[in-house]
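Generate coordinates for the entire structure from the input sequences, incorporating the hints supplied.
Sequence lines, in order, name chains A and B.
Take any residue in the first sequence, count from 1 to its spot, add 63: that is its number in this note's numbering.
Take any residue in the second sequence, count from 1 to its spot, add 63: that is its number in this note's numbering.
Calculated directly from the structure, the hints in this document are not laboratory data.
A few of these clues could be false.
[As the list claims (entries may be wrong)] Here are the in silico distance ranges between beta carbons for each label pair: (1) A:A77 - B:I300: 43 to 53 Å; (2) A:D219 - B:R101: 32 to 42 Å; (3) A:R156 - B:D141: 16 to 26 Å; (4) B:R215 - A:E205: 28 to 38 Å; (5) A:D119 - B:P259: 13 to 23 Å; (6) B:N164 - A:D219: 34 to 44 Å; (7) B:R215 - A:L256: 37 to 47 Å; (8) B:P295 - A:H243: 49 to 59 Å; (9) B:G234 - A:D219: 41 to 51 Å; (10) A:R255 - B:N164: 52 to 62 Å; (11) A:D135 - B:D119: 44 to 54 Å; (12) A:D219 - B:R255: 51 to 61 Å.
Backbone N, C-alpha and C fix where the C-beta goes; we use that ideal spot for every residue, glycine too.
Okay, here's what each chain looks like letter by letter:
2 protein chains.
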Amino acid sequence: MLHRDPDEIENQKAGGKGSVVLVSGGMDSAVTAAMAIRESPRVAFLHVRYGARAQDSEERAFRNIARHWGVDRVQVIDLAPLGALGGSALTDRSMEVPAANPDAPGIPSTYVPFRNAHFLAIATSWCEVLKFDRIWIGAVEEDSSGYPDCRRIFYDAFEVAIRLGTRPGTGIRIMTPVIHLNKGEIVSEGVRLGVPFEHTWSCYREGTRACGRCDSCALRLRGFSRAGIRDPLEYEISETP
Amino acid sequence: MLHRDPDEIENQKAGGKGSVVLVSGGMDSAVTAAMAIRESPRVAFLHVRYGARAQDSEERAFRNIARHWGVDRVQVIDLAPLGALGGSALTDRSMEVPAANPDAPGIPSTYVPFRNAHFLAIATSWCEVLKFDRIWIGAVEEDSSGYPDCRRIFYDAFEVAIRLGTRPGTGIRIMTPVIHLNKGEIVSEGVRLGVPFEHTWSCYREGTRACGRCDSCALRLRGFSRAGIRDPLEYEISETP
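If you want it as structure tokens, here you go:
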């Protein structure tokens, strides 16, 4: 009979000792959050404001998702300086949010330079303070706008940087459970897990209704269409895809 | 005769196309900044406030160093949420700054979890916006307090994460020119380069004079002593080492 260290067994689980979950308020992070809740013995929800146009809608979505699951260890971090550096149509009001073209090659103007590294850095610091060992992020690689910091190869590299830049033995891993799913699969998985899609917000623009015309709306609508599920959000333009 | 692409030649230089220099206001970053100015065709100085006890003294030092060199592309970033996460005697007023013991094994309570990753993330985003390709940071590995995020192995890993998490071809490298120097060598190099040490601030505590009793003061005083140079700062406790 093989005797195994209980700590080691615990550490094999996806949820580890505890998880910091990056929840933007969009559908990908909402599904990721539901997976983290299922896997992890303890969860803390982290939301970052960084001057994005839709940040108030995103924060509202975040708070409603946390309330839905009864998660009370939440943190909203203000990273306004990231947006103030400019260089992205998401944060720079002098640039236009481009019309949807999610399958175009190249990196769109909505890319916020190295944004997800900031999110991971905050999550790592909080993980280390809480003595947790998992970070969950709802990055999507294939069915996405082509941001470089949404690729698993980036998270693998960042995981090495975390191991070398934190106390020995923190054992922090980055979980990206939806990274290789398409948007249809993400919606189906979310429905299965009871994700409150009515509380999520994906649109790049601010407003009471989603615009239906940006990359993020287009990808979301495509996902619901593929999954054969009706999106509970209202759109300004409701093209039946 | 070998023909080389001028861009490639430019890229071989330590300074690359342009440099974002992390300047805390301490002696190590002041010497690093002087090196960057010598090597790089363009420099931008970046300072991060993160709720450290001495942050006002540090910012004053930063501004005086920038003024000394005539650098006008400067940015002060407020990262108060990092300090608010707690976990460090540098930012948590309920913890004591420990008495100097820089050669003790282990990681001291002044370690701010994963701090330098935040600095690098901001520097990377700014680099990408400015189309620069060098980040300079005054980390010191051997003659230090043993912070994990001050080791070259960490910067090597973070460089890979930058390459994978930014636009293709950004070519951003992390320069750590003082990482393998001891504090005496750093002081000597600074004197040679005309570093205005009278404007620098190293002490972990706030105050009009440096305390002379924390790790950072102890390491600094040891450096000046080894270099045979008088430290122009005033100390509350002036032990002749």
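Each hint, compared with the structure:
no. : hint                        : verdict
1   : A:A77 - B:I300: 43 to 53 Å  : holds (52 Å)
2   : A:D219 - B:R101: 32 to 42 Å : holds (36 Å)
3   : A:R156 - B:D141: 16 to 26 Å : holds (20 Å)
4   : B:R215 - A:E205: 28 to 38 Å : holds (35 Å)
5   : A:D119 - B:P259: 13 to 23 Å : violated (45 Å)
6   : B:N164 - A:D219: 34 to 44 Å : holds (37 Å)
7   : B:R215 - A:L256: 37 to 47 Å : holds (43 Å)
8   : B:P295 - A:H243: 49 to 59 Å : holds (58 Å)
9   : B:G234 - A:D219: 41 to 51 Å : violated (20 Å)
10  : A:R255 - B:N164: 52 to 62 Å : holds (55 Å)
11  : A:D135 - B:D119: 44 to 54 Å : violated (35 Å)
12  : A:D219 - B:R255: 51 to 61 Å : violated (42 Å)
Hints 5, 9, 11, 12 from the list above are not met by this structure, while the remaining hints are.
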